[in-house]
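Asks: Below are the chains, spelled out letter by letter.
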Amino acid sequence: MTATDLSWVVPLPVVVPLSAAGLTLALYRRPRLQRVVSVVALSIVLLAALTLLVLADDGPLVVDVGSWAAPVGIDLVADRLSALMLSVSAAVTLCVLLYSLAQGSQDDEESAPVSIYHPTYLVLTAGVANAFLSGDLFNIYVGFEILLAASYVLITLGGTGERIRAGTIYVVVALLSSVLFLVAIALVYAATGTVNLAQLAIRLPEIDPGVRLVLQVMLLLAFAIKAAVFPLSAWLPDSYPTAPAPVTAVFAGLLTKVGVYAMIRTQTLLFPDGRLDDLLMWAALATMVVGILGAVAQDDIKRLLSFTLVSHIGYMVFGIALSSGAGWTAAIYYVAHHITVQTALFLVVGLVERAGGSTSLTRLGGLARLAPVLAVLFFVPAMNLAGIPPLSGFLGKLGLLQAGVQLGTPLAYALVVGSVVTSLLTLYALVKAWNKAFWQTPETEPRTVRLPFGMVGPTAALVGVGLLLTVAAGPLYAYTERAAAALREWSPYVYAVLPDGQRGQGESVEVAREDELRDHGPGVEPSTPGMVADDAGGEG
Amino acid sequence: MIDMSPNIVLVVTIGVLFTAGVYLLLERSLSRVLVGVVLLGNGANLLFLVAGGAAGRPPIVGDGDDDRRMSDPLPQAMVLTAIVITLGMTAFLLAMAYRSWQLHRHDEVQDDVEDRRIARLAARQERATTDTDTEGVVQTLDEEATEARDETDEGAPARVGAGDPAGTGDGSSDPAGSSAGRGEGERP
Numbered sequence: 001m002t003a004t005d006l007s008w009v010v011p012l013p014v015v016v017p018l019s020a021a022g023l024t025l026a027l028y029r030r031p032r033l034q035r036v037v038s039v040v041a042l043s044i045v046l047l048a049a050l051t052l053l054v055l056a057d058d059g060p061l062v063v064d065v066g067s068w069a070a071p072v073g074i075d076l077v078a079d080r081l082s083a084l085m086l087s088v089s090a091a092v093t094l095c096v097l098l099y100s101l102a103q104g105s106q107d108d109e110e111s112a113p114v115s116i117y118h119p120t121y122l123v124l125t126a127g128v129a130n131a132f133l134s135g136d137l138f139n140i141y142v143g144f145e146i147l148l149a150a151s152y153v154l155i156t157l158g159g160t161g162e163r164i165r166a167g168t169i170y171v172v173v174a175l176l177s178s179v180l181f182l183v184a185i186a187l188v189y190a191a192t193g194t195v196n197l198a199q200l201a202i203r204l205p206e207i208d209p210g211v212r213l214v215l216q217v218m219l220l221l222a223f224a225i226k227a228a229v230f231p232l233s234a235w236l237p238d239s240y241p242t243a244p245a246p247v248t249a250v251f252a253g254l255l256t257k258v259g260v261y262a263m264i265r266t267q268t269l270l271f272p273d274g275r276l277d278d279l280l281m282w283a284a285l286a287t288m289v290v291g292i293l294g295a296v297a298q299d300d301i302k303r304l305l306s307f308t309l310v311s312h313i314g315y316m317v318f319g320i321a322l323s324s325g326a327g328w329t330a331a332i333y334y335v336a337h338h339i340t341v342q343t344a345l346f347l348v349v350g351l352v353e354r355a356g357g358s359t360s361l362t363r364l365g366g367l368a369r370l371a372p373v374l375a376v377l378f379f380v381p382a383m384n385l386a387g388i389p390p391l392s393g394f395l396g397k398l399g400l401l402q403a404g405v406q407l408g409t410p411l412a413y414a415l416v417v418g419s420v421v422t423s424l425l426t427l428y429a430l431v432k433a434w435n436k437a438f439w440q441t442p443e444t445e446p447r448t449v450r451l452p453f454g455m456v457g458p459t460a461a462l463v464g465v466g467l468l469l470t471v472a473a474g475p476l477y478a479y480t481e482r483a484a485a486a487l488r489e490w491s492p493y494v495y496a497v498l499p500d501g502q503r504g505q506g507e508s509v510e511v512a513r514e515d516e517l518r519d520h521g522p523g524v525e526p527s528t529p530g531m532v533a534d535d536a537g538g539e540g
Numbered sequence: 001m002i003d004m005s006p007n008i009v010l011v012v013t014i015g016v017l018f019t020a021g022v023y024l025l026l027e028r029s030l031s032r033v034l035v036g037v038v039l040l041g042n043g044a045n046l047l048f049l050v051a052g053g054a055a056g057r058p059p060i061v062g063d064g065d066d067d068r069r070m071s072d073p074l075p076q077a078m079v080l081t082a083i084v085i086t087l088g089m090t091a092f093l094l095a096m097a098y099r100s101w102q103l104h105r106h107d108e109v110q111d112d113v114e115d116r117r118i119a120r121l122a123a124r125q126e127r128a129t130t131d132t133d134t135e136g137v138v139q140t141l142d143e144e145a146t147e148a149r150d151e152t153d154e155g156a157p158a159r160v161g162a163g164d165p166a167g168t169g170d171g172s173s174d175p176a177g178s179s180a181g182r183g184e185g186e187r188p
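In the order they appear, the protein sequences are chains A and B. At position 311 of the first sequence the residue is numbered 311 (the numbering used here), and the sequence of numbers has no breaks. At position 47 of the second sequence the residue is numbered 47 (the numbering used here), and the sequence of numbers has no breaks.
Honestly, I wouldn't trust all of these hints.
[Stated by the list, open to error] Listed below are several chain B residues computed to face chain A (Cβ distance under 10 Å; list not exhaustive):
| # | residue |
| --- | --- |
| 1 | Ala51 |
| 2 | Ala54 |
| 3 | Gly88 |
| 4 | Phe92 |
| 5 | His104 |
| 6 | Val113 |
[Claimed, not checked] Not the full set, but computed from the structure, chain B residues with beta-carbon under 10 Å of chain A:
| # | residue |
| --- | --- |
| 7 | Pro6 |
| 8 | Gly41 |
| 9 | Gly43 |
| 10 | Asn45 |
| 11 | Leu46 |
| 12 | Phe48 |
| 13 | Leu74 |
| 14 | Met78 |
| 15 | Ala82 |
| 16 | Ile118 |
The set of hints was computed from the structure by calculation and includes no laboratory data. The beta carbon of each residue, even a glycine, is placed where N, CA and C say it ideally should be.
Just need the whole structure built from these sequences, with the hints factored in.
Replies: So, in C-alpha cells, the structure goes:
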C-alpha cells in the first residue's frame with residue numbers, strides 16, 4: 001500500500017480514548033482537568049478519523065496489532081466504509097461531549113455522578129471505534145462488549161428507580177444478543193477454523209451451504225438485536241428515553257448504527273451471495289411500518305423519536321438487502337445521515353425539556369415564541385429526518401428508492417412504497433410534535449429559561465453537520481459509491497489484509513517462516529506459539 | 001485433517017446449560033436472570049472448546065517438536081476473553097439487582113410504565129392520547145356549518161358560536177386566558 005507510513009493512525013481512535021479513560025478515572029477529583037482530557041482526546045480521534053477518511057480512499061489501511069500476522073493475530077482495517085463511519089461518529093461524540101459538559105456545569109442538582117461520566121463515555125467511544133475498525137470477528141465482539149459495558153453504566157447513571165427499571169430491560173436484552181454473537185463466533189470457528197474476516201471471506205464459500213446459512217442467520221440475529229430490527233426492536237423505545245439527554249442522543253446515534261455497520265460488513269464480505277435478502281427485506285418493511293406507527297401513537301417526544309429511530313433502521317436494512325452497488329451506496333450514505341440527524345434531534349429534545357419543563361407533547365407548548373432558536377434547531381433536523389428535499393434525508397431516501405426500482409422485483413417495489421409511506425408518516429409524526437411543542441397554547445404560563453450557549457452551540461454544530469451532508473452530498477455520495485464498489489468487488493479488503501491470500505504482514509510471519517524452514521513440518525493451523533499470551537493480555 | 005467429531009458429553013452439557021439458561025432468562029427475578037446469563041455464557045464457552053477440536057492435547061508443546069499433538073490455542077484464548085467479559089457483566093448485573101432491591105425491596109424486572117398505561121387504557125376502552133386540536137371542540141363540522149352565518153343571512157350577528165370559550169377562533173388571544181379554557185378538557 002502506498003500509505004503504509006501513515007498506518008499508525010489506524011489504532012489511534014481506539015487507543016487514545018482508552019488511555020484518556022484511564023487518565024480521567026485517575027483524575028476523578030479534578031473535574032476541570034477531566035473535561036480537558038476528554039475534549040482533547042475526542043478531538044484527536046476526530047482528526048485521526050478525518051485523516052483515515054482521506055487516506056482510505058487510496059485503499060484500505062491495515063495494521064496487524066503487535067506485529068502478529070493477520071489470520072492468527074488481530075488486525076485493524078480502515079477501508080472507506082470504516083473510515084466514513086468513524087468520522088461521522090467522532091464528530092457526533094465530540095458534539096455530544098461538549099453538550100454534556102455544558103449541561104453538567106448548568107445543573108449541579110442532577111444526581112448524575114459526573115466523575116464517572118467521562119471515563120465511561122470515553123470507553124464507549126473506544127468500543128465504537130474498535131467495532132468499526134476491527135478486521136476480526138472476535139475483535140468486533142470485544143468492541144461490542146466494550147461499548148455495551150460502557151452503555152450499561154451510562155443508561156443507569158445515578159441509579160434512580162426509573163433508570164434501573166429501563167436499564168434492566170436494556171442490559172438483559174444486550175446480554176442475550178452478546179451470547180448469541182458469541183455462539184455464532186464459536187460456530188464460525190468450528191466450521192472454518194478462523195475468525196479473521198478476510199480469511200473467512202476466502203473460506204466461507206468453500207464450506208457446506210447449509211452450515212453457511214446457519215452461520216449467517218446466527219450472526220444476523222445477533223446484529224439485528226443490536227440494530228433494533230423489527231421483531232427484535234421492542235427493547236429500544238422502552239429503555240432509551242429515560243437516560244439523560246446526551247446519553248440518549250449518543251446511544252440513538254451510534255449504538256444501533258454499530259449493529260447496522262456489522263450487518264453491512266458481514267453481509268457484503270462474508271455472505272455476498274445474498275440468500276437471506278428476501279427475509280431481510282420483509283424485516284426492513286416491518287421495521288419501517290411498525291416503527292413509525294408506534295411513533296405516531298406516542299405522546300412523549302423522546303419516545304416518539306425512539307420509535308422513529310427504530311423505523312428508520314428499516315431503510316438501512318432495505319439498502320443492505322438490495323445487495324447491489326446502488327443499494328449499498330444509499331445505505332451507507334443513509335447511515336451517515338441518520339447518525340447526525342437522530343443525535344441532533346435528541347439533543348434538541350434535551351433543550352426542549354429544559355425550556356418547556358416536560359417532554360410530554362400535551363404539556364409542552366408555545367416554544368416557538370419562547371425560544372425561536374430552538375424552534376429552528378428542531379425544525380431543520382426534523383424535516384431532514386422526514387426526507388424533505390433538498391436535505392440529506394431526501395437524498396438518502398431517493399438513492400434507496402432508485403436502487404429498489406432498479407432491482408425491480410415485486411418485493412422491492414413493496415419496499416419502495418413502504419418507505420415512501422413511512423417517510424410521510426414520519427413527516428406527520430414530526431409535524432404533530434412540532435405543532436404541539438412549538439405552536440400549541442401552553443397549559444401553564446411558561447417560565448422563561450435562558451438556554452446556555454454551551455448546549456445550544458454543540459446542537460447547532462451538529463445540525464450544521466447534517467446540513468453539510470446535504471451541501472457536500474455530491475462528493476460524499478461519490479465516496480460512498482466508491483466504498484460500496486469496493487465492498488462489491490470484495491477483493492480489495494481481502495488482499496489488503498492478506499496480501500498473498502495466506503498471511504498478513506508482521507514480524508510473526510518471518511518467525512513462522514524460519515520455523516517452517518527449520519522444522520519442515522506442515523504444522524497445525526495456527527503455528528505461532530505465544531498467541532495465547534497476546535490475545536488474552538490484549539483484551540483481558 | 002483435524003478430527004472434529006465432538007465429545008458427546010460436552011455436547012449434552014452444552015445443551016443442558018443452554019436449556020436451563022434460557023429458562024432462567026425468562027424469569028422475572030433479576031437474580032435468576034443473572035444465573036441464566038452465567039449458564040448461557042458457560043454454554044457458549046464450552047462450545048468454543050468443541051470448536052477447538054478433540055480434547056486432551058496440551059495447548060503448547062515446546063518448540064513444536066511434535067506439532068501433530070498440539071491442540072488449537074486460539075479458541076482457548078477466546079474463551080479466556082469471553083470468561084473475563086462474562087465476569088464483568090455478571091458483576092454489573094449483580095450490582096443492578098442489588099440496587100433494585102435497595103430501591104424497591106425486590107429485584108423483579110418491571111413492566112414498562114408506558115406499556116402499563118396503554119394496557120390499562122385499553123382495558124377501559126379509552127384512547128391512549130388526546131388530540132387537543134379536536135378534543136376541546138364539542139361541535140362537529142356539521143353542527144358548526146348549521147350555526148355559521150354570513151352577511152347573506154338577513155339581520156343576524158356574524159357568528160353565533162363566537163362567545164364559546166372552547167371555540168376554535170380564539171387561538172390568537174392572550175395565552176393565559178385561553179389556556180385555562182382549553183387545558184381543562186384535555187386531561188381528565
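Asks: Mind checking the CB of Ala54/B against every CB in chain A and telling me if the closest is under 10 Å?
Replies: violated (12 Å)
Asks: Quick check on the hint: Phe92/B CB to chain A CB, less than 10 Å?
Replies: Status holds, d = 6 Å.
Asks: Closer than 10 Å between Cβ atoms is the bar; does Met78/B clear it against chain A? Give me holds or violated.
Replies: This hint holds: Met78/B lies near chain A, its Cβ roughly 6 Å from the closest one there, short of 10 Å.
Asks: Under the criterion of a CB-CB separation shorter than 10 Å, is Ala51/B in contact with chain A as hinted?
Replies: For Ala51/B, the interface hint holds, since the closest Cβ of chain A sits about 4 Å away, which is under 10 Å.
Asks: Once the shortest beta carbon distance from Pro6/B to chain A is found, is it less than 10 Å?
Replies: holds (8 Å)
Asks: Any CB of chain A closer than 10 Å to the CB of Phe48/B?
Replies: holds (5 Å)
Asks: The hint names Ile118/B as touching chain A; please verify it with the least Cβ-Cβ distance against 10 Å.
Replies: holds (8 Å)
Asks: Against chain A, with CB atoms and a cut of 10 Å, does the hint on Leu46/B hold up?
Replies: holds (9 Å)
Asks: Holds or violated: is there a CB of chain A closer than 10 Å to the CB of Gly41/B?
Replies: Interface hint status for Gly41/B: holds (6 Å vs cutoff 10 Å).
Asks: For the hint on Asn45/B, just tell me whether its beta-carbon gets within less than 10 Å of chain A.
Replies: holds (8 Å)
Asks: Identify whether the interface hint at Gly43/B stands, where standing means a beta carbon of chain A within less than 10 Å of its own.
Replies: Since the shortest Cβ distance to chain A is 8 Å, the answer is holds.
Asks: Have a go at the Val113/B hint: is there a Cβ in chain A nearer than 10 Å to its own Cβ?
Replies: Where the cut-off is 10 Å and the nearest Cβ of chain A is about 8 Å from Val113/B, the hint holds.
Of the numbered hints listed earlier, the single one contradicted by the structure is hint 2.
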